[in-house]
Each structure stands twice: as structure tokens, then as C-alpha cells.
Amino acid sequence: MSILNEIERDALTEIFNVGAGRAAQSLSEIVGDEVRLSVPSVEVLRTAAIDEQVLPRTRGRFATVSQKFDGPFDAEAVLLFTEDRALSIVRDMMGSQMSLDELAEFEREAMCELGNIILNACLSAMADMLEITLNSSLPQYLVSSPEDISDRLAATRNDDSYVLVLHIDLVIEKHQTDGHLIFLLSSSSLHALVENVQRYLGKIGLA
Amino acid sequence: MASNDSGKTLLIVDDSKVSRMVIKANVLAVHPDWQVMEAGTGEEAIAQVEQRIPDYCTMDINMPGMLGTDAAAQILQAHPSVRIAIFSANIQEAVQTRAQQLGALFVAKPVTEKSIGQALLHFRGPL
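In order, the protein sequence lines correspond to chains H and E. The numbering used here numbers the first residue of the first sequence as 1 and each following residue consecutively. The numbering used here numbers the first residue of the second sequence as 1 and each following residue consecutively.
To be clear, the hints were calculated from the coordinates, so they are not data collected in a lab. Incorrect hints may have been included.
Said to hold, decoys possible - Derived BS3-like pairs: lysine-lysine, alpha-carbon spacing no greater than 30 Å straight-line:
id, chain 1, residue 1, chain 2, residue 2
1, H, Lys203, H, Lys68
2, E, Lys24, H, Lys203
3, E, Lys114, H, Lys203
4, E, Lys114, E, Lys17
5, E, Lys8, E, Lys114
6, E, Lys17, H, Lys203
7, E, Lys114, E, Lys24
8, H, Lys68, E, Lys24
9, E, Lys24, E, Lys8
Owing to the predicted nature of the structure, the values given are computational and were not obtained by experimental measurement.
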């Protein structure tokens, strides 16, 4: 079953790419170099499907930054990188002359900042383009095993919960890394999001 | 609008169908007599330009395959008369500079009536 039609998926991908572009601009100011950040794909899955489709691609622990937001729809946004990738991003952000001990000390702060930049850029692009207001909480950083994440998902999982999964490509200082941005949504919030996308498409004459 | 603006051809290059349709609708609202061609990748754009040289072109940067800036460079090298506006969500300095170096106009996405207005001004050229 496809929840978004082609044109709705296309519109959401464009919205998140505008967000990614804004985030890349902020990140490039931090690292003093060009940053490539793009969102090549957006898909909506049932919460139950995320274990198979996202989590088993990697072994080891995940570094996650999550933020709750509310507005016409409520969701929890979770930015997900594998832990070793997160550390190399932090190294690029803080400068490579730092020792590993020093890096570990800054990891939480740097990852929160990265999450804050990416999540807020995506939320602000979504709010601007859909002409809505979204309020967000402070970002929270957690290092979790895939099982912890499954448990967290299971806590919110019921028959009508969904996840909006964005694949993220990030290149800082020539280092390529990838991660996921996941939005956990209830069925009613997903429908409100789809309605807002349809309203946006209607306004630009496409629905 | 100047009368020499009539009957122009515009090539819209973007992998997002939504973006292509927004650009097309807004341009046709101002210039109903323009002919619009569309391409979803840089490679496709270059092939279309070989078939028919447009007067103007809007070019996205991040697309599957080659970068829009590279496609624009190739098109301008073969056909320097084409006026190109580069539409991108990637608003970093380095990207804007690249567009300017090519002699194209950089326009920040999202595609809106306002950003399309900037592109149309660039197409018209200095008055």
C-alpha cells in the first residue's frame, strides 16, 4: 500500500531538500568548507516495517538526536547516524587536531548542534512552504543499540502509527557519510501532514 | 513587458516534477506564448539542447546523474547565447559563486512566484 502518491512524495522530497540546503549552509559556516547534504528519498512506512528496512543495514550502536514538535501535526523527529560515523562528523566539525578523548567529550554537544541544525532547517522549510507553524522541543542526544531503538519504536507503536523515513547523504570535508531522519507520526498526524501537502499542491495549481 | 519577449522558448531542468510544474505554471502566467520544454536530468537537458536551442533555461543542481552546474557549463560552452537561471536549495557561497562564474543567475529554492520573477528579469537581460 502506498500512502503518498507520486506527486505528494515529490513535493515532500523538495521540501526536505530545501531544508537540507539550509542546514548545509549553516554547517558549511561551522566547518569553513563546502558541505553536501541532500535527501534523495522520502518514504512512509508502518512503524513495524522500520526494523527490517532501516535498522539492520548497520551493526553497532546508533547516535541519535531527537526532537518533538507539534503544530497541525505532531511528530517526533529522530536523526540517526551509526556511532562511528557520528564521531567522524564531530571530528570534521571540531577540527581534526583534537584527540579522541577530547572529541568524545564534545560528542554530545556537537551532535546536538548538528541535530538541531538539520532538524530545525527541515522543520522551518516545511513550515514555510506549507505555511504552518511548528513548535519544537530541545534536541536530545542518545547513543542506542538497534534493540533500544526498536524498543523505543515499540513503545509508540500501535496499529495506526507511521514513520516518515528520509535517507540523508552528508559530505563534510570530503568525508561521505549517510544517515536517516525519521519522523514518528500517529495516523491522524500523518493524515494532517498529507492534507497540508495537498493544500500546498492545490495552491500551486497541482491538485 | 517588452515586446521582444514574445514567442521565446524555455527549457526547465529539474528532477522534481512538482518544481517543473510550478516553474512552468508561473512562467506561462506571465508569458502565455512561450514554449516550454522539460528535462529531468542534466544529460537529458544537454540532449534536448542539441535538438533545439532554447532562449532560456532554468537548471536545478542536485539531480540524479550529472550536477546541474556541470550541465549548464556544457550548454553555455556550446551555446553561449542561452540565458540560464540556476535554481537550487543548496544556498552555500561556493555554489552561488560557481553559478556566477558560469554567467548564470543563482536563485534560491523553494520555487515561488518571487524566485521565478528574479529568473524572468535575468532572462530579459539589462534593459
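Results for each hint:
The suggested pairing of H:Lys203 with H:Lys68 holds, with an alpha-carbon distance near 28 Å, which does not exceed 30 Å. The suggested pairing of E:Lys24 with H:Lys203 holds, with an alpha-carbon distance near 15 Å, which does not exceed 30 Å. Note on E:Lys114 and H:Lys203: the hinted pairing holds, with a Cα-Cα distance of about 15 Å set against a maximum of 30 Å. About 19 Å separates the Cα atoms of E:Lys114 and E:Lys17, which keeps this hinted pair within 30 Å; it holds.
Simply put, E:Lys8 and E:Lys114 have alpha-carbon atoms about 20 Å apart, close enough for the 30 Å limit, and the pair holds. A threshold of 30 Å between alpha carbons decides the hint, and for E:Lys17 with H:Lys203 the separation of about 16 Å falls inside it, so the pair holds. For the proposed pair E:Lys114 and E:Lys24, the alpha carbon gap of about 14 Å is at most 30 Å, so the pair holds. For the hint pairing H:Lys68 with E:Lys24, the CA-to-CA distance comes to about 37 Å; that exceeds 30 Å, so the pair is violated.
Between E:Lys24 and E:Lys8 the CA atoms are separated by roughly 13 Å; this keeps the pair inside 30 Å, and the hint holds.
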